[in-house]
Each structure stands twice: as C-alpha cells, then as structure tokens.
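Could you put together the complete structure from these sequences and hints?
Per the UniProt record's numbering, the very first residue in the sequence shown carries number 1; after that it's consecutive.
No lab work stands behind these hints, which were simulated from the structure alone.
No experiment lies behind these values; they were computed from the predicted model shown.
Even for Gly, the Cβ is constructed at its ideal location relative to N, Cα and C.
It is possible that part of the hints are untrue.
[What the hints assert, rightly or not] When the alpha-carbon atoms are kept at most 20 angstroms apart in a straight line, the in silico SDA-like pairs for lysine to any residue are as follows: (1) Lys67 x Ser107; (2) Lys33 x Arg83; (3) Lys71 x Glu19; (4) Lys51 x Ile24; (5) Lys51 x Asp65; (6) Lys33 x Thr16; (7) Lys71 x Val3; (8) Lys13 x Lys67; (9) Lys13 x Gly76; (10) Lys33 x Asn47; (11) Lys51 x Pro111; (12) Lys13 x Asp25; (13) Lys13 x Ser54; (14) Lys71 x Arg83; (15) Lys67 x Asp56.
[To be verified] Derived CB-CB ranges, DEER-like: (16) Glu68 x Thr16: 24 to 30 angstroms; (17) Leu64 x Glu9: 30 to 36 angstroms; (18) Thr119 x Val44: 55 to 61 angstroms.
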Amino acid sequence: MTVRQFTREEVSKWTTREEAVFIIDNVVYDVTKFLDEHPGGHEVLVNVAGKDASEDFDDVGHSLDAKELMKKYVVGEVVESERRHVQKRQISWEDTKVDSDSSFTSSWKFPVLLGIVVTLLYTYLFG
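Laid out in structure tokens, this is it:
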C-alpha cells in the first residue's frame, strides 16, 4: 500500500476545527476527530494546524501512550523533497543512586547534634 504524500503547502490549508492537519517529524496527522478528546483542549491542536508541530510536540513531553495513540491519526507523510532532518531523541536519565549507609548517617547526625547543643544550652542557662 502506498503512503499518501503531502506538500507542506497542502498541509498549510487545513487549519480549522473542521480540518485540523499538521506535521510531526515528516508524518502528516489529521486530528480533526481527536480535537474534543485532547487532554490539553482543542485550541492547542488548532493552533498548530497547518504547520510543522514537531517542536511543540516534543516540548510538551508526551507519554508513550500518547505517541501510540497518534498512529491512529496518520494520513500520510511529507513529500521527499520537503522533508526535514529528524533527530533521534534520546531520553537521558541521571543515576541518582544514593549509598544507603551515607544517607542513614546524614539523616541522624543533625538531630543528634541539635539535641546535644540544646541540652548543653539548657544546662548552661538553667542548670
């Protein structure tokens, strides 16, 4: 089956609630039937209708479920001559592993030290 090809000019004509079409990473989506279901409201989608919404989509940080749901609204792709380079996005996670021994000692040192200081101060003032 051949995938339908769209020019960016063609996509730029569909900018209303009745025909909301946009591009994300060279793939063309018709989200007209999804407008009222979009968690961010229909305005968000209508505002990018007719445009390349790749950056807007990435900035929001959509869930994997949202990305899976998008497949349902694919209607084609941008013609070869008008495609833009799509960078692979890589999620980087920082390893925030904390040594359990050091977190334990740091969590009890301050209260013990504070208790000693308060006891000494009390003894000095009232003792």
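Is the hinted pair lysine 33 and arginine 83 satisfied, with a Cα-Cα distance of at most 20 angstroms? 26 angstroms, violated
Hint check: lysine 71 vs arginine 83, CA-CA at most 20 angstroms. Holds or violated? Measuring from Cα to Cα gives roughly 19 angstroms; hence the hint holds.
Hint consistency between lysine 13 and aspartate 25 [alpha-carbon to alpha-carbon, up to 20 angstroms]: 19 angstroms, holds
Using the beta carbons of glutamate 68 and threonine 16, state whether their distance is inside 24 to 30 angstroms or not. 27 angstroms, holds
Holds or violated: lysine 33 and asparagine 47, Cα atoms, limit 20 angstroms. 16 angstroms, holds
Given the hinted pair lysine 51 and isoleucine 24, is their alpha-carbon gap at most 20 angstroms? 9 angstroms, holds
Straight-line alpha-carbon gap lysine 33 to threonine 16, limit 20 angstroms: Satisfied, since the Cα-Cα distance of roughly 12 angstroms is no more than 20 angstroms.
Holds or violated: lysine 13 and glycine 76, Cα atoms, limit 20 angstroms. The hint holds at about 15 angstroms.
For the pair supplied as a hint, lysine 51 and aspartate 65, confirm whether the alpha-carbon distance does not exceed 20 angstroms. Violated, because 23 angstroms separates the two Cα atoms, which is more than 20 angstroms.
Within 20 angstroms, alpha carbon to alpha carbon, are lysine 13 and serine 54? Given that 20 angstroms is the threshold and the Cα spacing comes to 18 angstroms, the pair holds.
Lysine 51 and proline 111 were given as a pair; does the straight-line alpha-carbon distance stay at or below 20 angstroms? Violated, at about 58 angstroms.
Pair hint outcome, lysine 71 versus glutamate 19 [Cα-Cα no greater than 20 angstroms]: Holds, at about 18 angstroms.
In summary, the structure is inconsistent with hints 1, 2, 5, 8 and 11 from the numbered list given earlier, while agreeing with the others.
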